[in-house]
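Chains as they are written, first to last, in the working numbering: chain A, 6 to 232; chain B, 6 to 232; chain C, 6 to 232; chain D, 6 to 232; chain E, 6 to 232; chain F, 6 to 232.
Derived by calculation from the structure, the hints in this document are not laboratory data.
Hints may contain errors.
One copy or two, it doesn't matter: identical chains are merged, so the pair holds either way.
[Claimed, not checked] Result set (DSSO-like, lysine-lysine): computed pairs, CA atoms no more than 27 angstroms apart in a straight line:
| hint | residue 1 | residue 2 |
| --- | --- | --- |
| 1 | Lys206 | Lys191 |
| 2 | Lys226 | Lys127 |
| 3 | Lys203 | Lys148 |
| 4 | Lys148 | Lys225 |
| 5 | Lys225 | Lys127 |
| 6 | Lys229 | Lys127 |
| 7 | Lys191 | Lys203 |
Just so it is clear, the structure is predicted and the values come from calculations on it, not from any experiment.
Each chain, written out:
There are 6 protein chains.
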Amino acid sequence: MFELGVVYRNIVRTDRHIADAFGPLGSATVHEAMGRVGLLAPYMRPIQRGAQVSGSAVTVLLHPGDNWMMHVVAEQIQPGDIVVAAITAECTDGYFGDLLATSFQARGARALVIDAGVRDIKTLNEMAFPVWSKAVSSKGCIKETLGSVNIPVVCAGMLIHPGDVIVADDDGIVCVPRARASETLKAALAREANEGEKREKLASGVLGLDMYSMREPLAKKGLKYID
Amino acid sequence: MFELGVVYRNIVRTDRHIADAFGPLGSATVHEAMGRVGLLAPYMRPIQRGAQVSGSAVTVLLHPGDNWMMHVVAEQIQPGDIVVAAITAECTDGYFGDLLATSFQARGARALVIDAGVRDIKTLNEMAFPVWSKAVSSKGCIKETLGSVNIPVVCAGMLIHPGDVIVADDDGIVCVPRARASETLKAALAREANEGEKREKLASGVLGLDMYSMREPLAKKGLKYID
Amino acid sequence: MFELGVVYRNIVRTDRHIADAFGPLGSATVHEAMGRVGLLAPYMRPIQRGAQVSGSAVTVLLHPGDNWMMHVVAEQIQPGDIVVAAITAECTDGYFGDLLATSFQARGARALVIDAGVRDIKTLNEMAFPVWSKAVSSKGCIKETLGSVNIPVVCAGMLIHPGDVIVADDDGIVCVPRARASETLKAALAREANEGEKREKLASGVLGLDMYSMREPLAKKGLKYID
Amino acid sequence: MFELGVVYRNIVRTDRHIADAFGPLGSATVHEAMGRVGLLAPYMRPIQRGAQVSGSAVTVLLHPGDNWMMHVVAEQIQPGDIVVAAITAECTDGYFGDLLATSFQARGARALVIDAGVRDIKTLNEMAFPVWSKAVSSKGCIKETLGSVNIPVVCAGMLIHPGDVIVADDDGIVCVPRARASETLKAALAREANEGEKREKLASGVLGLDMYSMREPLAKKGLKYID
Amino acid sequence: MFELGVVYRNIVRTDRHIADAFGPLGSATVHEAMGRVGLLAPYMRPIQRGAQVSGSAVTVLLHPGDNWMMHVVAEQIQPGDIVVAAITAECTDGYFGDLLATSFQARGARALVIDAGVRDIKTLNEMAFPVWSKAVSSKGCIKETLGSVNIPVVCAGMLIHPGDVIVADDDGIVCVPRARASETLKAALAREANEGEKREKLASGVLGLDMYSMREPLAKKGLKYID
Amino acid sequence: MFELGVVYRNIVRTDRHIADAFGPLGSATVHEAMGRVGLLAPYMRPIQRGAQVSGSAVTVLLHPGDNWMMHVVAEQIQPGDIVVAAITAECTDGYFGDLLATSFQARGARALVIDAGVRDIKTLNEMAFPVWSKAVSSKGCIKETLGSVNIPVVCAGMLIHPGDVIVADDDGIVCVPRARASETLKAALAREANEGEKREKLASGVLGLDMYSMREPLAKKGLKYID
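Chain A on its own, in the form it takes in the complex (with noise of 0.2 angstroms):
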């Protein structure tokens, strides 16, 4: 958060095999599967219902009403990636729109994750581009001061390093960091093995407090029926 105008090129990525298997598993199931940490605050809200996506993250740090390193970050885009938005100050206004997100696209950027605001947003839904943002304003920005890119960045307050795995839906957006993304996809798959069967039971009719044999933790706790 402190390394001002500075760009770095060479980043390493999460495998790329890997940082997309968490696209399908969806942000809650990896979250658990994380040990419950890595989840960026819920003010994060998806412009598009239901997009659900996975990709290494490449970061930005970006000043409060200056878009300007927003097209530095392009240039660095890869294929897969996802850019990670931070503003060193809180901010609502519109860093985002139309043009960008097609610069974006043709770089082969996945999604966008920023904590501030985008515009433009019933063109970036015909775009199919996906975002989380924190704020929708047409409120544009300057081009004035720099930032960096590709540096660790605090994003709705949760730190994410250039490379980690991103995994977005509607329900949130998780950060996985890279040195941990292998064994949290397993995890991650892991859990998502048995839900197909838990679904069932529970479907039919089987209680939860059956199924997991809470009652008798329940009992010893000291929960107490009356009729």
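Add chains B, C, D, E and F to chain A, keeping to what the hints say.
Chains B, C, D, E and F only, in chain A's frame:
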């Protein structure tokens, strides 16, 4: 709000025919019919736009970040019930997802109203299980501490007793106390009755100023027209 | 914001052809063309996603929890107008529902912008009457106190005079003062003109860095690339 | 929260000796003694730093922007009471100033807890009449609509019955239900008893890790020390 | 709110004797005397508790994060003025600290009202230069973009013209338009006149119910007492 | 933010002489000297007005509602340290009171910075142990789950490594990375050096416009004066 570790099994619900009759009237009409009380705070928002339901409240009190009692309340659901979940302190965690929804739906629950977060909202939409919540969050919960089921709770600023009628739609959520359900239903139906005629008049260009005879009281209060 | 109990009947609207021409340009383009002023606070959100309108402002000032003046302003609406409703203090009550919408639509109103809550939003959607508001709430209003119609008001932080142009879409709401409408329209059309070409270039992979000749000014500011 | 236009004159207060004994213990100790329930939302803040009181609740329910019932509740105050004021919807208006404070003080009220705004706070300080509120605002109120006195109310998210004990200080406000006052007082006194000894130990450099024998349970949970 | 890059040097201030006479009356009394309009949003809070001032407004419009115009407005200050600073978008940065306060004080400014942040608040206290602000922040500002001086501005939701009277104290801030200053002062003095007598009566135990003859209108509205 | 259940015992602190030298300079001056980065969010407020400190950060990551690790971090404190506490999700509970303060003070801690709530604030004031927090709350914490000590944390939106310098006063909190502490101290001292002279000039009536030679650049940007 004070009794912890207790499950009341035999609550008196509002008569099913009465509870069900509120749904088509909607929260705004019912709120007016109540004398403009009973509304939950407007930060509660529907996960599914367009859902409109009513039913008897089954209540559950939970602790921040702990959804254990959601499994306990599931067993107390009867067909047509709406589960009302209150938390002992502010929390946006995801207390409820597709598995619990499957269980609630299997028990006949009509909807969930929760003063916290939910997750798996894409699946909730596909399942058509209506939810009103304060937040959406991937963050799951632990299962450590006892709350209570079917005690009076404060949800989104409103006191709700088990067996009260809950009316929820795109506009918000209203609680009708069981003892006042019958009279409120009559008042709400009466309000509804002449809405069609009013709408027709207004559509034809008649002004509310004339239809409601407001010109004289406005003049009495001193309203001045300046050309 | 100070004169209460007054209705100005003869306001000077922006020329209809000019006011109508802003709609297709959208709030972001118009905001830029204004020199980046005139935007209402971004907490104002559309009830109907996708609506995009412009028109002359007819203003109304109301008190918290009291929507009496909404009936008074209805009479002052002319086809193509957008009603702008301000409140003397913070309020989220539902000032506007299907009946008032029917009346406004019958008078030719194009939209409502209100710094408070609305209700009956399912019906508003069916009627296709566009609304931008701060909140949704079932809570209705009383009819007790006088406000004013067609005085200058502060709505969502922006000063709006009757007859100013309002431009609203998914991105937000901009107010263009009547005296600046013509010059702003020209500037906005000019901005719009070369957007298509830019988009094409960016889609082909040309970077904004090159298209806008940013590399040199960035280097001058001291941007460093590190491999 | 539902009965409007009613004043209950004969409420059962908590025994005065018990109610008064909570004050010196403070809200944090009492909250713990209650099993960590009963706390009003932490947005409630003292107008006078350093005030610390307890007493039986006399409740009043008011409408947004209308303080008429404050005069009605004044008559129901007995020496040692704390007035608890709830509003039917969110409001920051100044419901209470120096004149009402003079009247409350003359009746023997010990404090006011209000889920809205107050004003004349300089004079309130000079009068040494303690107030806990959500806001400070010069905005006065009208006197038009009926609320109720001494019905159960929801204040800052907590259900409060007339006669319950209110404990308030710089840390916040706790409600102790009348039926649990005696047992809670005992538990709170017990907690208080050994605080002095603990403080002395900690001041001498003994760690909580050792004083509370936490090292073993922490190790069991897997805590690792890395040099 | 629209004209940028302009400094109006010759504004018409409210007569100094009138402007100064509002101070001792306080914001609550003046707000009532205005007919309960003119109040700035209650999120504005005094940096120094106990300060109470009035004076003619000198206005300045600034951009987020840019305090250049604070130096421009300094030159326009005359003894007894209160500087009112508005920002074109939400911002909490520290626009004002000890150096600017020294300059303002040297020019005879009586206070600052700013819809943003300030810093050096320890020194501001030592200097006894009163400030009302939305936030406190160490974050300084750049000096890059032009705003305006002495144009009408919207500050904390209220429209303020240069030369209007500002009244500020612990309870909040009220704007009295210049044209209404004389009549408002009279009305406020009249309100103040009989406060002492009322306070004495209430202190002696007379109830507001009787002093204001409220019992009959309350009964007419249907208030019921239950023993 | 990801490693749970770990305590790093041997962190490299900033040189004590350097860390201590920041205190008298204050957060605003240091923030400017850093190039206007490093500031924690302005919602962090001092419990004791007037406190001004600096020191090396000892960090602790906790879970919502669980303050177990506060006892673990106590053991890692060395004289002159400032404890920085981050929470894995938003929480206002009271993590810290008089007993922990006694222990921290006995270990030589200089202050606590916590992105959550504290309690016993009356005693904290009497003890003169400075605290900066997001909230005040009577609500205590459980001791159930492991966090970590002396890992990098995100506190109030800022990334803080153990050993970084924390500078806190009435204006806010700044983090100076250990590697930049020496150079930042020099820059801050340089800024401070000529403040006295500036203040004297401004106090004598010299305008910032002239002292900083702003008239020409303002004119170049197009500022117009209108009489």
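The hints, checked one at a time:
1. Lys206 x Lys191: within (24 angstroms within a copy, 42 angstroms between copies)
2. Lys226 x Lys127: neither (52 angstroms within a copy, 35 angstroms between copies)
3. Lys203 x Lys148: Result: close only across copies, 18 angstroms inter versus 53 angstroms intra.
4. Lys148 x Lys225: between (62 angstroms within a copy, 13 angstroms between copies)
5. Lys225 x Lys127: Neither: 55 angstroms inside a chain and 36 angstroms across chains, both beyond 27 angstroms.
6. Lys229 x Lys127: neither (53 angstroms within a copy, 36 angstroms between copies)
7. Lys191 x Lys203: Answer is within; shortest intra-copy Cα gap is 19 angstroms, inter-copy 44 angstroms.
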